[in-house]
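Protein chains in written order, with full-length UniProt numbering: chain A, 1 to 72; chain B, 1 to 72; chain C, 1 to 72; chain D, 1 to 72; chain E, 1 to 72; chain F, 1 to 72.
By construction, these hints were calculated from the structure, which means they are not laboratory data. Warning: the hint list may mix true and false statements.
Note that the list lumps identical chains together, so a pair holds whenever it fits in one copy or between two copies.
As the list claims (entries may be wrong) - Pairs of lysine-lysine, DSSO-like flavour, derived with a Cα cap of 30 Å:
no.: 1; residue 1: K72; residue 2: K5
no.: 2; residue 1: K23; residue 2: K65
no.: 3; residue 1: K5; residue 2: K71
no.: 4; residue 1: K72; residue 2: K23
no.: 5; residue 1: K5; residue 2: K65
Number of protein chains: 6
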Amino acid sequence: MPYVKIEVTREGVTREQKQTLIKGTTDLISDTLNKDPHLTHIVIQEIELDDWGYAGEQVSVLREKGITANKK
Amino acid sequence: MPYVKIEVTREGVTREQKQTLIKGTTDLISDTLNKDPHLTHIVIQEIELDDWGYAGEQVSVLREKGITANKK
Amino acid sequence: MPYVKIEVTREGVTREQKQTLIKGTTDLISDTLNKDPHLTHIVIQEIELDDWGYAGEQVSVLREKGITANKK
Amino acid sequence: MPYVKIEVTREGVTREQKQTLIKGTTDLISDTLNKDPHLTHIVIQEIELDDWGYAGEQVSVLREKGITANKK
Amino acid sequence: MPYVKIEVTREGVTREQKQTLIKGTTDLISDTLNKDPHLTHIVIQEIELDDWGYAGEQVSVLREKGITANKK
Amino acid sequence: MPYVKIEVTREGVTREQKQTLIKGTTDLISDTLNKDPHLTHIVIQEIELDDWGYAGEQVSVLREKGITANKK
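Generate coordinates for the entire structure from the input sequences, incorporating the hints supplied.
Structure below.
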């Protein structure tokens, strides 16, 4: 009976990327814990940049300064 | 001091249905646990169909295939 | 596809009361939104009294002062 | 590794107020628990008035009756 | 800035399985959304069987009846 | 009607520190948004080190390597 919530900043996540996250997480849980996918629910929640704070700053401010969350 | 979060797919839930969920959940908790309703908060969160995954598929895709969540 | 989280203070909630909350919430959602109960998951989370704050005070402190959450 | 979710009703919270909440919560956790702010994430979620229930009533209905959440 | 919460029933999930879930989810998000893993936090929450309800029944009751969540 | 959830790793947070977090968060919200503290609920949830993942690793593993979350 797994339930997964994925929270990410709203920065152009596509429908295809969401499907990849949903399929990938469901498969990971199914493979690791042997859970029936029909009992696995995944919810993605996109958060506005003004509403996410990191290190005491709004992400919208960090982005204005050119600071991204991209992989190095 | 109860707090309840109800997450449902965004598929035309009306204001009246939300009020029914809020009143019903508050009464259920009050009747079962003897809690003062003035300490009970209920939050409903509607989730876009692209953002909810079930059995590894986006609900938006399931709906396109004619698969609903309706009671049988 | 509903998911419900019920958070209450840990103050002797019995197994039977939990079952009543689970059955009642599932029925309420099924009756109100016509949702298949096989797609409805309910999670109850009990919170220690030191870990719940109300009006700026720990509930454990409120209880020591004789302030309950009981219905009036 | 703290994560904080702040849920408030959507009633005109400004960008500056959000920044104040983010900075204040991050500092509070850093000062109290000695946590590195670079490991602290804060998420603010605004909830529509129809979607928040208090004492068994939608907040939108409470507001129509002139009942606010303002400090006395 | 992703944050992920994974809720599963407490049924003998091992430390190694948790590590697999954490590594797998972080990699999935990094690969799909190009996110820096140093900004990705995963929280696993195990839920007692009396506290998870499915189809209106406590999972502890379902297990007593021999109904599992195993993949078919 | 604010509700706040604070998730931190379980690493010896004291009752007094929890009270400081509860009082501080409630005051911050009251001062910033003019909210009545009697409508503000704060929930602290401590997470076991095996259950929190950061940068793809369990925090328990990071701590064994001597990597802390302390402020620099």
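Hints versus structure:
For a Cα distance limit of 30 Å, the shortest separation of K72 from K5 qualifies both inside one copy, at 25 Å, and across copies, at 24 Å. In the homo-oligomer, the alpha carbons of K23 and K65 lie at most 30 Å apart only across protomers (17 Å), although the nearest pairing inside one protomer, at 34 Å, exceeds that limit. When the C-alpha separation of K5 and K71 is checked against a cutoff of 30 Å, the pair qualifies both within a copy, at 22 Å, and between copies, at 21 Å. With identical chains, the CA atoms of K72 and K23 are at most 30 Å apart both within one copy (25 Å) and between copies (18 Å).
In this assembly of identical chains, the alpha carbons of K5 and K65 lie at most 30 Å apart whether taken from the same copy (29 Å) or from different copies (24 Å).
In this structure, every one of the numbered hints holds.
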